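> Residues per chain, in single letters:
2 protein chains.
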Amino acid sequence: MNLEPIRKARDRLASILTPTPLMRSVPLTRAMGRTVWLKLETQQPTGSFKVRPALNGALAHLEQSRRAGVLASSSGNFAQAVAYAARELGLDAQIVMMGNSSPYKIAETEALGAKVVLCGNTFEDRWETTYRLQRETGRVLLHPYDSEETIAGDGTLGLELLDQLPGDFTVVAPVSGGGLISGIATAVRLNRPGCRVVGVQPEANASMARSLEAGHPVNVGPVRTVADALIASTPGKHTFEIVRDRVEQVVLVTEEEITTAVRELAWKQKIIAEPGGAVGVAALLAGKIPSGSQDVVCVISGGNIQPSTLLQLLTPPQ
Amino acid sequence: MNLEPIRKARDRLASILTPTPLMRSVPLTRAMGRTVWLKLETQQPTGSFKVRPALNGALAHLEQSRRAGVLASSSGNFAQAVAYAARELGLDAQIVMMGNSSPYKIAETEALGAKVVLCGNTFEDRWETTYRLQRETGRVLLHPYDSEETIAGDGTLGLELLDQLPGDFTVVAPVSGGGLISGIATAVRLNRPGCRVVGVQPEANASMARSLEAGHPVNVGPVRTVADALIASTPGKHTFEIVRDRVEQVVLVTEEEITTAVRELAWKQKIIAEPGGAVGVAALLAGKIPSGSQDVVCVISGGNIQPSTLLQLLTPPQ
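So the protein lines, in turn, are chains A and B. Numbers 67 to 384, taken from my numbering, label the letters of the first sequence in order. Numbers 67 to 384, taken from my numbering, label the letters of the second sequence in order.
Any given hint could turn out to be false.
You can't tell identical chains apart in this list, so a pair holds if it fits in one copy or across any two.
Unchecked claim - Derived lysine to aspartate or glutamate pairs resembling DMTMM-like cross-links, with alpha carbons at most 25 Å apart:
| id | residue 1 | residue 2 |
| --- | --- | --- |
| 1 | Lys334 | Glu176 |
| 2 | Lys303 | Glu322 |
| 3 | Lys181 | Asp229 |
| 4 | Lys303 | Glu190 |
| 5 | Lys334 | Glu174 |
Derived by calculation from the structure, the hints in this document are not laboratory data. Being a predicted model, the structure only gives us computed values, none of them experimental.
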């Protein structure tokens with residue numbers, strides 16, 4: 067993929083989303099001895115970066131979306147983002163979620179006006195239901211990470227960084243299916259090749275790291291991690307290739323490192339991040355980001371965490 | 067006071083502090099039907115706006131500060147800010163705190179390298195000890211709200227807002243002794259007279275509101291509020307006059323409205339504010355800010371809240 071789809075995405079989103087803040091972190095800059103910035107996707111509508119690809123996908127196929135509606139398969143941030151995009155654009159949205167999804171997430175999605183369709187409790191069930199509904203309804207299917215529109219929508223974050231920082235920088239972003247980091251790497255590296263891009267996954271779901279080692283996408287099977295936004299068990303075909311070609315490395319963080327990062331962001335930075343949104347800071351604090359003098363940007367990809375989970379993570383050890 | 071001391075303060079602070087982010091609030095903008103911005107003083111070193119006046123006061127008297135050190139009287143955000151300023155400037159700092167101050171706040175201040183002097187448990191004890199130490203040591207006394215340097219340091223926040231927003235706006239800021247709002251009102255109203263400035267106090271400490279009614283500073287006696295940064299029981303002489311002349315009104319919020327604002331900022335905005343920092347949002351959500359079409363800026367003056375207190379405030383009602 068080149069820059070053209072990302073520039074188009076930026077034009078499409080310009081009247082709906084405003085660039086998210088890039089905030090200099092005083093405590094992390096002091097701790098790391100180099101300037102650290104936080105890109106706050108927590109400040110997007112619905113609290114995560116996913117509104118970028120959701121809006122871009124719907125807008126790229128607006129006529130069909132108006133006629134037949136949109137369809138997505140997600141029980142997390144993408145569900146809310148698609149529901150939000152549909153509401154903003156006046157579209158009908160159907161979201162397929164597993165029957166065991168948390169009532170909290172179902173309610174948040176329905177509150178935005180989308181219809182939730184519950185299916186069985188495996189990814190296979192979910193995709194089967196989704197593809198069946200697509201055939202039956204003709205709705206525009208919005209892919210969570212592996213379509214060109216999705217990667218391009220994600221890439222608008224990279225264009226914002228180029229506007230917000232004048233020189234070369236190292237950007238650190240979470241990796242699940244790989245859409246976000248593929249978009250960012252494409253936007254940033256093709257515009258400013260001196261920039262470096264590093265991905266971060268939980269050790270508990272090293273799907274992209276293992277795929278890079280193997281030289282092809284591998285499926286690591288069902289995963290369980292506190293970073294519940296980072297559970298895609300295999301990269302996409304497109305995202306795998308982009309990450310292989312444009313991302314410097316994908317590093318892994320432990321559950322404890324993730325929890326520490328959520329705590330540090332709350333107590334020292336006064337920012338609420340979801341665990342999946344904090345893995346970049348986790349890697350940085352754990353000394354896993356390649357050293358250098360470039361400014362570091364940690365993408366805080368989302369802040370959607372169930373209140374009880376946050377309280378549990380933040381409760382100081384007795 | 068005119069703009070000159072504020073411009074000087076800006077020049078003094080330029081190499082040490084960076085402007086804090088002004089963030090468009092998606093949920094508040096939607097809820098209020100007008101554009102709402104948050105000025106995030108939570109992102110300052112030490113987590114509150116108080117580093118502005120602390121640094122300005124020390125820098126304005128740098129020779130004497132180097133020779134004899136600085137001195138302040140506070141058990142809250144100003145204590146940490148003065149300790150930080152002294153560390154940054156290589157000065158010796160002494161902070162007078164009441165004996166019953168929370169061990170958490172004492173520890174945070176000592177961790178920044180300041181010497182904490184404990185005194186009796188009343189404001190009278192604290193000021194008596196402070197003035198005695200000033201006489202004995204010749205240290206530069208940094209006032210928490212009523213000196214020209216302090217008000218000018220606070221006013222740098224107003225100059226930043228003028229840089230960050232092109233048109234007229236309404237700024238809503240917390241009021242305790244009145245230093246912050248005096249500085250902001252001076253900077254904003256003298257530069258852009260179409261702007262409006264509104265102060266907010268807890269009902270439990272209506273010291274400025276009552277003083278405005280009386281036409282002179284009154285002392286409301288000891289107060290108790292969840293907004294533990296807003297407990298000055300009387301305005302300063304200077305701040306009273308500036309607020310009377312340049313602030314449109316001072317509105318009052320209940321304890322419950324403050325708590326609701328802390329919760330909304332956490333769950334919808336993913337920002338941790340201390341209760342005193344959230345009173346502007348509390349007033350806005352309670353419909354107490356004069357209506358109009360101007361953009362509204364809520365100054366989130368700080369984020370320093372004891373972890374156990376935050377967890378208690380955030381715990382959802384059962």
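> If a hint holds in the structure, say so; if it doesn't, say that too.
Here is what the structure says about each hint:
| no. | hint | in the structure |
| --- | --- | --- |
| 1 | Lys334 with Glu176 | between (34 Å within a copy, 17 Å between copies) |
| 2 | Lys303 with Glu322 | neither (31 Å within a copy, 52 Å between copies) |
| 3 | Lys181 with Asp229 | neither (37 Å within a copy, 44 Å between copies) |
| 4 | Lys303 with Glu190 | within (17 Å within a copy, 71 Å between copies) |
| 5 | Lys334 with Glu174 | between (29 Å within a copy, 12 Å between copies) |
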